[in-house]
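Chains as they are written, first to last, in our numbering: chain A, 27 to 450; chain B, 261 to 435.
What the hints contain is simulated information worked out from the structure, not anything from laboratory work.
One or more hints might be untrue.
Here are the simulated BS3-like pairs of lysine-lysine, each with C-alpha atoms no more than 25 Å apart in a straight line [as the list claims (entries may be wrong)]:
1. A:368 - B:396
2. A:59 - B:275
3. A:28 - B:431
4. A:368 - A:396
5. A:368 - B:319
6. B:328 - A:45
7. A:448 - B:431
8. A:396 - B:301
9. B:429 - A:28
10. A:165 - B:349
11. A:352 - B:362
12. A:59 - B:319
13. A:267 - B:396
14. B:390 - A:418
15. A:28 - B:362
16. A:28 - B:390
17. B:396 - A:45
Just so it is clear, the structure is predicted and the values come from calculations on it, not from any experiment.
Here is what each chain is made of, one letter per residue.
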Amino acid sequence: MKDSQFNALLAASKPDNYKSNTIFTDAVMSSIKTSEILSSQVRKTSVNKKETLFMKLRHLPKFAIVAIAIGVLALLSGTAYATYQLLWQKPEASVSKPTTSQSGRKEVSLLFSQCGTTYTPERYELKRDATITADQIEKVVKAQCELQAINEWAETTYGGKSSDGSYKIDSKSQAMRHPGVSAAARIGSINKSSITFSGQNKYNTQDTTLDIPKDIRYIANGTDVTSTQFKPGDTVVYVTKQGTRQTPKEDCVTDACREYGEYFTTQALIAVIKLDRPFDDYDQSAWQSLTELSVCEGNKEDLCLGGYSGSIDLYMNTMSQDFEKKIITKEIQGVITELNGKSLKIKSSSGSIYTVTTPSDVISSFNNNKSTDYNNQNIKIGSTLSIRYNEKETEHTKTIDVDKVFWVTVKLEIVKKGDPVKLY
Amino acid sequence: MSMIDEQKCIAQILKGNSDSYRELVDRYQTGLIIHCENILKNRHDGEDVAQEAFIKAYKNLHNFSKDKAQFSTWLYRIATNLCIDLLRKNKRQVRIKDIETKLEATLPTHIQDEEIAHIRKVVLELEPPKYAEIIKAYFWEGKSYQQIAELYDTSTNTVGTWMSRAKLKLKEKLL
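Here chain B stands alone, though its shape is the one from the complex:
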């Protein structure tokens, strides 16, 4: 979805077509869940918070101003604050600077089409094919480590190891 399409989508929602919001949820859910999981260190909590962030963003969409921020930036900011709330609720230490750094690093960037095409190509050609499969499963299909582990009948630790190796190979080819 391009930025223009995104703004049209938001305009539709504000006109009362709430079903258009589905496109935004589809667009940003995987990245947002990964962002929340990264802060909370827990996939399930990450999904819960991401869900709540989408709901809050929808309910406050009338206050959203595209001149001030991109929708994704705003959404990630809401989710980050909800993560902080949950960390505090669960009596876990909140390091606000670390969280701000993570937010800055994980905001979805609107990269060029050519670059996207290149990343996709490199992912699909990754060897061994298993590495490509787990990258696709986690980053594109929104599967958790637990779900991937179940699919491969292995442990989440092993999935983590595969993921690290897969990303290392990707970085060598992409960066």
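The following block holds chain A by itself, in its conformation from the complex:
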């Protein structure tokens, strides 16, 4: 028996008198009683952490990232060695000349090197409301690669268990700490005891002042340096250890009443890191002007939108599951080329035409009944749909019948938080 199967068996054997996590249940029940939500943009209410904006940038696997560069210097008086240890490798990215995609957007291919350890899409396209031009894509991507490498380094170096005495756990409360890397900031002021960061991004313009601990690290060009290399106006990110404590009300001794407890957070400065590029290159709205294109699941000839994008559910079917027949869920995305009630056609990134049939006219249903909830957006020819459907792994039909369709969504174009809903 596989380990995951054994895990499922243990979870299924939960006795009825074991109370589930009521915070989780309450969060779900609260959400379902609110109005429609945008998939992929749903409010996150993790029961175990308070996620900051900075932490949202850190969805990265742990790994060992220490890269060692050894420089050998031969000196006249014999042989001496000077060792340079880079904390993370310098990212590189080269960008092709922009072309026009099937959706009519400017699209580029990128070749990456040392952009963290995570899989990186090879193609990006500019959103319609992009705050940057195609010529600026390269520097924006390089800046994000650098932030990604720093995030990974911080997680590896400062993640995991910590044993700060001030966070001693008692029988009732829970506490957590995690490293957080800020968005790009400028040093507003710096002295021996404190440092002020300003202009972190467009959503948080408040200055942040933090005490400087004795063991703070100053890092530039991937190596430890002294504070003398840092001055007001420098573009930096800073690493903090953030603490969250969840304390139940008096008389609360079980998980059941924990949601009534209190949160408080602390933020202790660990390191200040000088960035390689100008401040504006790290602007989140510049990064979010790009749509990442990844190979569609089960359709390797086509590209699907990823990254900072959203979607609205139009239809979801109940799918029977037949693992014996090697049926898997695939995805195809494309712009609508024809609308005929229950049937529609989409053109994928490779130019293939897919015919999709749904049990009812889901497009008209949205336009007539839901459009007003979504900034009066109407789905029409040219809108981008995502179709998830079940099919044998070895089959590749361009006709997706009603029985195969699992999930239909319309893609949204979002550049920054608070933007009005707009179809892609």
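Chain A is fixed; fit chain B onto it per the hints.
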């Protein structure tokens, strides 16, 4: 909750009694979070995705057909697709075959009452008692490795080691 109770519960929800959905969330949350955590390799993301899957399942419950699938199968399928979306959003490699295999292995099985009773007994009698405690905490109470580590004032790696040993002992007795 038996299959019949589950169908009654769904019927109640479709009649407008949304509070009945709480029973389904309670029933499947721990296993679903573990399934998502297993794919995403991250507990917090696993909880977020599991939550979103429950919400999506609720909103599309009118399309659910018990003749085609069990609720849990459908729920796990939704969650698995959301996991894939998140992996892609976070620029992580998606290996669809591996994920399908995990889905197949982790779908909650409706095991016999006698078997459930036996598993519970073996878990509760596990030695040392600490092993029983962490199995209960993770699989029955829905606690994360991080939370268990905090309770025992140890590292998540140590919890992982204890968990491996505990499961090995359980497998020896159960399989």
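Worksheet entry | Index of numbered hints that the structure contradicts, given in increasing order | Going through the list in order, the structure violates hints 1, 6, 7, 8, 13 and 14 and respects the others.
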